[in-house]
Amino acid sequence: MNKELMRKYGFGREVDLVEKNKCPLCKKDINLEDFKDDLSKREFEISGMCQKCQDDIFKDEDEEETIKCPVCGADKDPNGFCKTCNDWKMD
Numbered sequence: 038m039n040k041e042l043m044r045k046y047g048f049g050r051e052v053d054l055v056e057k058n059k060c061p062l063c064k065k066d067i068n069l070e071d072f073k074d075d076l077s078k079r080e081f082e083i084s085g086m087c088q089k090c091q092d093d094i095f096k097d098e099d100e101e102e103t104i105k106c107p108v109c110g111a112d113k114d115p116n117g118f119c120k121t122c123n124d125w126k127m128d
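Just so we're aligned: 40 in the working numbering is position 3 of the sequence shown, and the numbers increase by one with no gaps anywhere.
For lysine-lysine, the following DSS-like pairs were computed, each having C-alpha atoms within a straight-line distance of at most 27 angstroms:
#1 Lys89 - Lys78
#2 Lys65 - Lys45
#3 Lys105 - Lys89
#4 Lys78 - Lys65
#5 Lys73 - Lys59
#6 Lys96 - Lys73
#7 Lys96 - Lys65
#8 Lys89 - Lys73
#9 Lys78 - Lys96
#10 Lys96 - Lys59
#11 Lys73 - Lys40
#12 Lys78 - Lys59
#13 Lys64 - Lys45
#14 Lys78 - Lys40
#15 Lys89 - Lys40
#16 Lys64 - Lys78
#17 Lys105 - Lys120
#18 Lys59 - Lys40
#19 Lys64 - Lys96
#20 Lys65 - Lys89
#21 Lys45 - Lys59
#22 Lys57 - Lys40
#23 Lys89 - Lys64
#24 Lys65 - Lys40
#25 Lys78 - Lys57
#26 Lys45 - Lys78
Everything labelled a hint here was simulated from the structure, so no lab data went into it.
Whenever a hint applies, use it, and build me the whole structure from the sequences.
In structure tokens form, the structure reads like this:
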């Protein structure tokens, strides 16, 4: 990361956070053990983002989110039906 260039274009606060070992997006402390692979570590070196923020930013658009059943905690199907307890709510 070119710190001088980043500061010049208005990202001084983000540079300061990265220098303090904090994610520039969520501002949480960076723990190097949290990175799941070398690509994530490389992205951290470029952007300073923690693993969670990287996951949020680079989320696969085709990946369906799992909906948890509020009654039993099992995964619901895409229609909101829980096959474990037969709950239909979309919570």
